[in-house]
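Peer 1: In case you want the letters, here they are:
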Amino acid sequence: MKNEILRFDNVTLTYHTKRGETAATENLTFSLNEGEFVAVIGPSGCGKTTLLSLAAGLMKPSSGSVTRHGTCGYMLQKDELFPWRTIEKNIYLPLEIKRQNTPERRKSAVELAKKYGLSDFLQSYPPQLSGGMRQRAALIRTLAMEPDILLLDEPFSALDYQTRLNVCEDVSSIIRSEEKTALLITHDISEAISLADRVLVLTKRPARVAFEHTLDFGEETRPIKRREKPQFSAWFEILWKELNI
Amino acid sequence: MKKEFSLEHRRYLAKKKQNAALVWALRFGILALLLGIWEAVTAFGWADPFLTSSPSRICKTIMSLYSDGTLFYHIGVTLLETLIGFAIAVVLGCAVALLLWWSETVRKVLEPYIVVLNALPKIALGPLIIIWFGTGSEAIVFMTVLVGIIVATLHMLNAFMATDGGKLLLLRSMGAGKLQILQKLVIPSSLPSFISMLKVNVGMAWIGSIMGEYIVSRAGLGYLIVYGGQVFKLDLVMSATFILCILAAGMYALVVLLEKVIVKNAES
Ligand SMILES: Nc1ncnc2c1ncn2[C@@H]1O[C@H](COP(=O)(O)OP(=O)(O)OP(=O)(O)O)[C@@H](O)[C@H]1O
Ligand SMILES: [Mg+2]
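Protein sequences, first through last, are from chains A and B.
Sequence positions in the first sequence follow this note's numbering and run 1124 to 1368.
Sequence positions in the second sequence follow this note's numbering and run 4 to 271.
The set of hints was computed from the structure by calculation and includes no laboratory data.
Source: prediction; values computed, not measured.
The reader is advised that the hints may include incorrect statements.
Only some residues are given here: those of chain B computed to face chain A with a beta carbon under 8 angstroms [what the hints assert, rightly or not]:
| id | residue |
| --- | --- |
| 1 | A98 |
| 2 | L172 |
| 3 | L173 |
| 4 | R175 |
| 5 | M177 |
| 6 | Q183 |
| 7 | K187 |
Note that the Cβ used here is the ideal one computed from N, Cα and C, for glycine as well.
Turn these sequences into a full structure, and let the hints steer you where they fit.
Peer 2: Shown next as structure tokens:
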């Protein structure tokens, strides 16, 4: 068994506003091992984004504990590239923030970008790129800070279907070949099945883990190939039912 | 990089150029027409130049101001007051906006004061300003700052507060502190608003300085206008107003130029 890198222990989080209080998660418990790709699906508004904010340490739980070993990189639904910076400068952003803007770190960030097909776009501005390319640049920016865990909040949902399949393929291969640990939030059941090693199904708000499945695709990690396998539709049916309980 | 364009594209470009030329021609045409009508109605005696002045009389007045050496003196006084007031209003306004952005508590506490100051007609403070600052240029600069600073503050605060939530979240997830968020995100994303604030404040600065000169002054274009009105020298009033138009337009053009420089820098 590999090392545990993230652990939620009976995590409860309540939002307080003037109108009242909303419990977003309640006694949420799960863990994530090094090198694992875990997808989290759940009904909309159940507290998925909240879960990621907790994992990133942007919020403290009301009760329970979140333990993380290592750093994390957050990737959001929109690419959030800064339009006044070139792609290259966007990729340096986390280095600047973490005050690690050294020539070596910049070099390895640029190499990462070149390796994954962004060499022609380094001097372009974000609005000049297609949605898929921008999301790829956002992933490289996230990887540039060399995080131990990638937190992905519906990173494909702003893309059209065709682009989505392609970017999904890219992101999967990049994350697998960099051997990163990833926690992916998604609305899309087929996305979860085609990408993850393990799937967590959350309940309606307040979120708890209702079901947990380890997928049996063996060594096959390519989303397109997975979609062709017979298990794919079986898993789809199972998860679909569990989501709609 | 030179590129061969298709015939259709070259036609399109030529047409665009033609359109731009036409717009400029019409602009000058309208100006010439208005001046011509003005000159004509006074020359033919349909209107009394004593009440309406006329382009030729304005020219003469400006020439005589020039020859007795006071033209540039008055322009200089007003221009300096306006520019200093403008600069102080912009710098202080941005600084206050930053402070308000930084601290939610300060923002909430000061909100009613800002609302009242914004709504208050600044000219009501005229007598106070005379008593506090005397009748020199200081009083006029103060009035200019007063008129501009609230606009600058509110404009910039709006821009700072409108910073994209997703980008804020992204920076915070990278562990950015408030200063870094300010430096990397809030300030660069507010640059377009800064330019539009400058444009608005050019107008505010002239309102402030001329209003100030109406209340107290011994020199400047506002002084010439008030004096001209009192002694019924409409030529002087019109001349000073005309010069004012040119100066205000020139200052606005400088801001537009600055905008172009900034946009160009941001793109290279
Ligand atoms: N800052 C906040 N203050 C108050 N309530 C909040 C806040 N953020 C989220 N909530 C509430 O908490 C619940 C969970 O929100 P969250 O964004 O985590 O859900 P989600 O599963 O990511 O939703 P979606 O599927 O729309 O992305 C929602 O009901 C939401 O209204
Ligand atoms: Mg969400």
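Peer 1: Confirm or reject each hint.
Peer 2: How the hints compare with the structure:
With 8 angstroms as the threshold, the beta carbon of B/A98 stays out of range of chain A, its nearest partner Cβ sitting at about 23 angstroms, so the hint is violated. The restraint placing B/L172 at the interface with chain A holds, with a minimum CB-CB distance near 7 angstroms, inside the 8 angstroms limit. Given the 8 angstroms rule on beta carbons, the hint for B/L173 holds: about 5 angstroms separates it from the nearest Cβ of chain A. The beta carbon of B/R175 is positioned within 8 angstroms of a beta carbon in chain A (closest approach about 6 angstroms), and the interface hint is therefore held.
Satisfaction of the interface hint for B/M177 is found here, the shortest Cβ-Cβ separation to chain A being roughly 4 angstroms, below the 8 angstroms cut-off. Interface hint at B/Q183: satisfied, since its Cβ lies 6 angstroms from the closest Cβ of chain A, which is below the 8 angstroms cut-off. Residue-level restraint check for B/K187 holds (minimum Cβ-Cβ distance to chain A is 7 angstroms; threshold 8 angstroms).
Consistency note: the structure conflicts with earlier hint 1 alone.
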